[in-house]
Every structure is written in C-alpha cells, then in structure tokens.
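Between the sequences and the hints, there should be enough to build the whole structure, so can you do that?
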Amino acid sequence: MFEKYTFEELMKEKMKKIDAAFDKREASMIHFALGANAAEAAMMYITLEWMFRQMFGDTAEREYLKKIAYDTRGLVPEEATHAILRGRFNIEVSKGARFSLDALNYYVGEFIEHDDRGYYYQVICETAGEEGNRHFGSMIPIVYIAGLTDCELVEILVPGEDEEDTEVFRKRWRASFNAMAFGGNRADYEEKIKSIDGVGGVKCYRATNASGEKVGGYIKCVVIASDYNKPSDTLIDNIQNIIDPPVNHAEGLGLAPIGHEVTIVPVDVVMINVTATITYESGFSFEDVKSYIEGAVEAYLVELRKLWESNNEGLIVRLSRVEAAILEVHGVLDITDTYLNGNVTNIHLGTNDIPVRGEIVG
30 MFEKYTFEEL MKEKMKKIDA AFDKREASMI HFALGANAAE AAMMYITLEW MFRQMFGDTA
90 EREYLKKIAY DTRGLVPEEA THAILRGRFN IEVSKGARFS LDALNYYVGE FIEHDDRGYY
150 YQVICETAGE EGNRHFGSMI PIVYIAGLTD CELVEILVPG EDEEDTEVFR KRWRASFNAM
210 AFGGNRADYE EKIKSIDGVG GVKCYRATNA SGEKVGGYIK CVVIASDYNK PSDTLIDNIQ
270 NIIDPPVNHA EGLGLAPIGH EVTIVPVDVV MINVTATITY ESGFSFEDVK SYIEGAVEAY
330 LVELRKLWES NNEGLIVRLS RVEAAILEVH GVLDITDTYL NGNVTNIHLG TNDIPVRGEI
390 VG
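Each residue of the sequence shown is one higher than the one before, counting from 30 in the working numbering.
Read the hints as simulated data drawn from the structure, not as lab findings. Watch out, some of these pointers could steer you wrong.
[Claimed, not checked] Heads up, simulated DSSO-like pairs for lysine-lysine below, C-alpha to C-alpha not over 27 Å straight-line: (1) Lys335 to Lys259; (2) Lys249 to Lys221; (3) Lys249 to Lys200; (4) Lys95 to Lys259; (5) Lys124 to Lys200; (6) Lys249 to Lys259; (7) Lys43 to Lys33.
Take a look at the structure:
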C-alpha cells in the first residue's frame, strides 16, 4: 500500500516544491536538509506498511495472527505436546522415576503390562515436541534404582508434536470460517478428534450396524498419528474413550452425542517394497548408499502420507517419483527395471491406506 513512498520518490516530490531560484544540487544545503527528512519519512512509510500487513490474517506475522484468530474465532495455536513412549524395565519401577537418553529426560507414567521380557510402562518425555519421537534404546536412571539392570525405550505410543506452525495455524483459521461444526456432524467429529494429542488427521464415515446396513447413529473414524504413521493401540484406545467410551457405547458419555455409536480405527499400512537395477558412480556400492536411498524413499512416502486426510480417492505411489527420489542420492548414476511390490506400475491404495517403506533392493 505504501510501496511507492521510497526515499527517491519522496525526494523527487520535495525537490519539485523548491523554487528553481535556489540551489538544489546534490551537495547543496537544501538537498541535505530535505534528504534527512525524506529518509525519516521513508522509514515511517516502511513501518506503516508493516503495520498495515499486521491488520489482516492473510499477511499478519505470528504474534498478530494469534491476536486476530483469537478475536475473530477464539482460536489459539496448538501447544507442543509431550511424546509418550513404551518403556521396558527388568524390574518394577516407581511412577515418576526419571531417566535420561541422549540429551533428553523422561519420567515413568502408567504401568502397561508384564511378560517374560520385563515390565512395561508408559514413559513420558519431559521435553515437549517432535524431538521426543526420535530417540530409542537404553536409558540411564537419573537416581540409582537398586536391581535395575536393563531399561529401554522400544516404541512410540503417542507422538509428541511441536507447537503449531504459523502457516498451518493460518490455514486452520481460514478454514474455521467455512466449517460448520455442530452437534456431531462431520466437521464436529473432525475438529474434536484432531484436537486430541497425537492425532495427525481423521476421516469420518457412516458405518454399518451388526446386520451390515448403513443406518443413522453408526460412525467410523479412521485416524492417522501426528507423525504420519499408523497410530498405536494406546492412542486409538485414548481417542475411543474420549469420543465414545466402549463400555457405554452411544450413551453420550464422551464427546459424541447420545445415540451416536462411534468406532475409532487406525489407518491401514501398505508396505512398499522396491527392487531396481541401480548403476553407481565409481567407488560406490549399494551398501554404501543404502541408508540414503531408504531415507529418500521414506521422505517421498511421508510426503504422500501427509496428503492422506485431504485425499478421498486413495493415495497413489508413483514409480517415477520413487525413481526420481533414488536418483537424487549422491553416488547413484542411473536406475532401471524398477518394481514396486513386484509390479512395474504405480500402486493405487485404498482410501484408508497409507504407504510405508518396506525392503529396498538395488
């Protein structure tokens, strides 16, 4: 809006108003005086332009977007959450006992089960965010525990999430003007389920009753975790209990309205195995670049999984995109004869399927 008010344009306008009888050359007193004023004015217009952009949700920076979203829709960015993992211990440990792994600290939560390998507990990362999803293996107790000889983190139960990204929050704010979440309609279920820690996306459907008929009151919600993997049983049970507790289905004791029998299920996983004839640069072999190839293919599949919620026709794993990802790896010269799950065609997934990297042979 104020882009035209540059130092040069302001100087030009100011100099026009000075009588030609006066010395207006660059080194003149008048030029110096007006130059200082024009510089201050140009800075003022830059500030005005910045302030103008903060007035609108489409252009506001994060702090001002938060104010706009809260004032207009009562929305705030979702806070970072703590990862909940499954920990194995050779003995029973006290709730609240603290451990460390790499640079992160953890504390013991609820007991899960016991088998011949040890005692399993929920272990919560003290640091909020996605970093808590990345560390596994042996932990060290912060305070000595008699008899403890083996303790490790084995899997994620509920993924930790970073604070909501600015552009994701902006998109959610825009979408709130079109959403009509009310009384157990589709938008209402999607909004409530996605607000639960660990949920990355959801699709809601009319479900069938015991006779296989689609009738009112039966709903199936398919969920993907916030790390875009299949949710753990713990996360699915948690969502089920929040939305419609199984011991009192359809009684309205959860967030679902009375009369709605809601079933929460995880997305289905389809393993994508890749075989190809890969030509390597001099000095490289498959073993040298295997981890990088796996990472490149995984990055493409994660990109696809992030689109799962908005895709209603099923994701497509494209052979050409897999080849392109592998070709980007340093040390790979060419790739031919590529097969996905034994076929030389794209893989079309079902609406509730997500692709996960399987074996890669090259």
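Results for each hint:
Straight-line distance between C-alpha atoms of Lys335 and Lys259 comes to about 12 Å, which keeps the hinted pair within the 27 Å bound. This hinted pair checks out: Lys249 and Lys221 have alpha carbons roughly 14 Å apart, not beyond 27 Å. Among the hinted pairs, Lys249 with Lys200 is consistent with the structure: their alpha-carbon atoms are about 26 Å apart, no more than 27 Å. A C-alpha spacing of about 31 Å is found between Lys95 and Lys259, which places the hinted pair above 27 Å, so the restraint is violated.
In summary, the hint linking Lys124 to Lys200 is not supported, as the alpha carbons are separated by about 40 Å, beyond the 27 Å threshold. With a CA separation close to 16 Å, the supplied pair Lys249 and Lys259 stays within the 27 Å bound. Restraint check for Lys43 and Lys33: satisfied, since their Cα atoms lie roughly 14 Å apart, inside the 27 Å limit.
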